[in-house]
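**Q** Protein sequences appear in the order of chains E and X. Quick note: the first sequence, position 268, residue 268 per UniProt numbering, numbers continuous. Quick note: the second sequence, position 195, residue 195 per UniProt numbering, numbers continuous.
No lab work stands behind these hints, which were simulated from the structure alone. The reader is advised that the hints may include incorrect statements.
Across the chosen pairs, the derived CB separations fall in these ranges [said to hold, decoys possible]:
#, chain 1, residue 1, chain 2, residue 2, range
1, X, Met266, E, Thr4, 35 to 43 angstroms
2, E, Thr60, X, Arg286, 55 to 63 angstroms
3, E, Ser111, X, Leu319, 34 to 42 angstroms
4, E, Ser111, X, Ser194, 30 to 38 angstroms
5, X, Asp101, E, Trp119, 40 to 48 angstroms
6, X, Arg286, E, Leu69, 56 to 64 angstroms
7, E, Trp119, X, Thr187, 33 to 41 angstroms
8, E, Trp119, X, Asp282, 31 to 39 angstroms
9, E, Leu69, X, Pro170, 32 to 40 angstroms
10, X, Val199, E, Thr60, 44 to 52 angstroms
Treat the numbers as computed from the prediction; the structure is a model and nothing was measured. Heads up, the beta-carbon is just placed ideally off N, CA and C, and yes, glycines get one too.
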Amino acid sequence: MSQTSMVKLGAIEKTWADGTRALNNVDLEVPKGQFCVILGPSGAGKSTLLRAVNGLMRPTAGKIQVDGLELTQASERELRKRVAMIHQHFNLATRASVAANVLSGALPEVSLARALCGWFHPEQRKKACHYLERVGLKPEHLHRRAGELSGGQQQRVGIARAFMLDPKVVLADEPVASLDPQISRDILTLLKDAARELNATVICSLHQVDLAREFGDRIVGMRSGEVVFDGAPTEFDDQRLSRLYQNADWGDGEPTPVTEDSLELEAAGGM
Amino acid sequence: MSTRPIPVPPQGTRLHWHLDQPFRLKHLVIAVLILALLLVTGHRTEMDRMVSMTTQAVGNLVGLNDESQVVRGLSKVADSMWPPQMATSEEVARMNDFNADELPVFARVESRETTTQRLNEDTLQLESVTETTEVLYDPLGYVKTVFGKMIETLEIALWGTLLAVSLSIPLAWFAASNYSPNRVTYTLARGFISLLRSVPELIVALFLVLAYGFGPIAGVLALGMHAAGFLGKFYAEDIENADKQPQEALEAIGAGKIKTVLYAVMPQVLPQYVAYTAYILDRNLRMATVVGLVGAGGIGQELKGRFDMYDYGHVMTILIAIFLFVFLLDQLSARIRSRMI
Ligand SMILES: Nc1ncnc2c1ncn2[C@@H]1O[C@H](COP(=O)(O)OP(=O)(O)OP(=O)(O)O)[C@@H](O)[C@H]1O
Ligand SMILES: [Mg+2]
Chain E
1 MSQTSMVKLG
11 AIEKTWADGT
21 RALNNVDLEV
31 PKGQFCVILG
41 PSGAGKSTLL
51 RAVNGLMRPT
61 AGKIQVDGLE
71 LTQASERELR
81 KRVAMIHQHF
91 NLATRASVAA
101 NVLSGALPEV
111 SLARALCGWF
121 HPEQRKKACH
131 YLERVGLKPE
141 HLHRRAGELS
151 GGQQQRVGIA
161 RAFMLDPKVV
171 LADEPVASLD
181 PQISRDILTL
191 LKDAARELNA
201 TVICSLHQVD
211 LAREFGDRIV
221 GMRSGEVVFD
231 GAPTEFDDQR
241 LSRLYQNADW
251 GDGEPTPVTE
261 DSLELEAAGG
271 M
Chain X
1 MSTRPIPVPP
11 QGTRLHWHLD
21 QPFRLKHLVI
31 AVLILALLLV
41 TGHRTEMDRM
51 VSMTTQAVGN
61 LVGLNDESQV
71 VRGLSKVADS
81 MWPPQMATSE
91 EVARMNDFNA
101 DELPVFARVE
111 SRETTTQRLN
121 EDTLQLESVT
131 ETTEVLYDPL
141 GYVKTVFGKM
151 IETLEIALWG
161 TLLAVSLSIP
171 LAWFAASNYS
181 PNRVTYTLAR
191 GFISLLRSVP
201 ELIVALFLVL
211 AYGFGPIAGV
221 LALGMHAAGF
231 LGKFYAEDIE
241 NADKQPQEAL
251 EAIGAGKIKT
261 VLYAVMPQVL
271 PQYVAYTAYI
281 LDRNLRMATV
291 VGLVGAGGIG
301 QELKGRFDMY
311 DYGHVMTILI
321 AIFLFVFLLD
331 QLSARIRSRM
341 I
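Between the sequences and the hints, there should be enough to build the whole structure, so can you do that?
**A** Shown next as structure tokens:
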């Protein structure tokens, strides 16, 4: 694995219109091919951070670089082609067929006329079938409505869609939050293997600590918009785990301040 | 959660019980005002005369009085409307495309003898002269004409709907707040849609007949424009309310707005679109019979022409045709609907 950084976030700040400080001076560098897991209580800013990488969320301050390309208004379109995204709620067009959903992952590279008649290139069709097979679906699923599939199958379609453009970076925001433990493991295995084939970087937020330890090459712990742990899964012991989630406010409100002794975590943030 | 006890008044407090009547002077005044308004508007719309004339007509029908304007007018029309006109006869000499070998079905050539009084210039006396004219008599000729007009009406409705759909799709794009390029295009599109919707087909047709002349062009345009307003509004609202999740997925990979709508919005809203469009087609089929009254083609134009010429037999045929048409349409759409559900 080469150690050139693929995603580089520099001093990212995000303050929402209502004054919520979702990200506070976040620095993060993810090398090529790494499977980086982001952990943290609800409201820690994991989704906000992921959405900063492809510009779905515009940070108040800070710099974002993906694959050597700086994210600006002008480069956004180009950059997004290299960054795929997998969503917690799958975000499929539920009334469209599985095939149409997977093919739609190639839309940025398809001319408008072709998109209009659904006339995708033969290589793209082949690729769609390849990835559908890769994620364990069958040919008879092709023309099924996406909404008729089970949650696990829908997320498989979501993964196939994400890989249509050979992404350099895959952002996965709680990809297995609504799936059972066994299927969650299968899905993450798929994701990890598919990413490894392309040597793609994965940034994946999770709520399941065991899965994070199992799949992550690295764990980033977030709390109240700050990175409070950053290290290998082996370093992320139970003590650090309980401190990461300790006193966390699981509601929408402000998290309760972290107490003195819990700050031994990783020195990245003091309250 | 803190629960507060229900306050209980201290013992011995005399409570003042009081139950009002449901109505007060205010209500009486309002009732009087409404009554006055009804009386004034009722008089202005001649509702009083309507009641007296109808009473008279009912009295006439049961034999209480022998004069009723309503009954007289209706029976005059009814008398001349029956039987409905089915046949046509045309002088062969006046037809320039007459071909004796290829007569229409059921049609035949008849000789008609017409006797006219004419002054004989030699004897200076009036004589009866008998002339024989060849006439093409078609017992179902007018039925065929009406059928042809009905088909034209159908075509007007169809093209009106087609025009409405193709106009409303770009309109809906600009009128959907989440896809319109900017505030100005949004407001313009919304304004245009309201304008289209606000003017009834019949009035639009009236003006379009001035611009395009009598005939189906005005009808198609009038139906299309009004329906485009309707469809544009509903399409736009559906686009705005569509589930955001699949749209975000495509936005996230930089698919662009048009492709996002095609692949993330269209699959969701298509069933609704089909339903709206079917409704518009149904409505246009009815309206197409009416816009002809101002000269915009179809059966309505034929009806107006015959009515103005007091050809009430022909009018009857047309009315029967329209009734049958609408009846068949209802049957058909009911059947299609039950099959779709
Ligand atoms: N569009 C928004 N407008 C205002 N505040 C927002 C918005 N989106 C998120 N926030 C706030 O930003 C903070 C971080 O939210 P975020 O969704 O990133 O958390 P998260 O770590 O992904 O949580 P979860 O695990 O529940 O998904 C929260 O306090 C949230 O209320
Ligand atoms: Mg989240």
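**Q** Given a hint of 55 to 63 angstroms, does the C-beta separation of E/Thr60 and X/Arg286 actually sit inside it?
**A** Given a distance of about 58 angstroms, which is inside 55 to 63 angstroms, the answer is holds.
**Q** Per the hint of 30 to 38 angstroms, is the separation of the Cβ atoms of E/Ser111 and X/Ser194 within bounds?
**A** At roughly 36 angstroms between Cβ atoms, X/Ser194 and E/Ser111 fall inside 30 to 38 angstroms, so the hint holds.
**Q** May I ask you to test the hint 35 to 43 angstroms on the CB atoms belonging to X/Met266 and E/Thr4?
**A** holds, 41 angstroms
**Q** Can the suggested window of 32 to 40 angstroms be confirmed for the beta-carbon pair E/Leu69 and X/Pro170?
**A** holds, 35 angstroms
**Q** Taking 34 to 42 angstroms as the stated bounds, is the beta-carbon spacing between E/Ser111 and X/Leu319 within them?
**A** violated, 55 angstroms
**Q** Is it true that E/Trp119 and X/Thr187 lie within 33 to 41 angstroms of each other by Cβ?
**A** holds, 36 angstroms
**Q** So the hint says 44 to 52 angstroms: do the beta-carbon atoms of X/Val199 and E/Thr60 match that?
**A** For X/Val199 and E/Thr60 the Cβ distance comes to about 49 angstroms; the hint holds.
**Q** Using the beta carbons of X/Asp101 and E/Trp119, state whether their distance is inside 40 to 48 angstroms or not.
**A** Taking Cβ atoms as reference, X/Asp101 and E/Trp119 lie about 53 angstroms apart, which means the hint is violated.
**Q** Between E/Trp119 and X/Asp282, is the Cβ distance one that fits in 31 to 39 angstroms?
**A** holds, 33 angstroms
**Q** Given a hinted range of 56 to 64 angstroms, is it respected by the beta-carbon distance of X/Arg286 and E/Leu69?
**A** holds, 59 angstroms
Consistency with the previously given hints fails for numbers 3, 5, ordered from lowest to highest.
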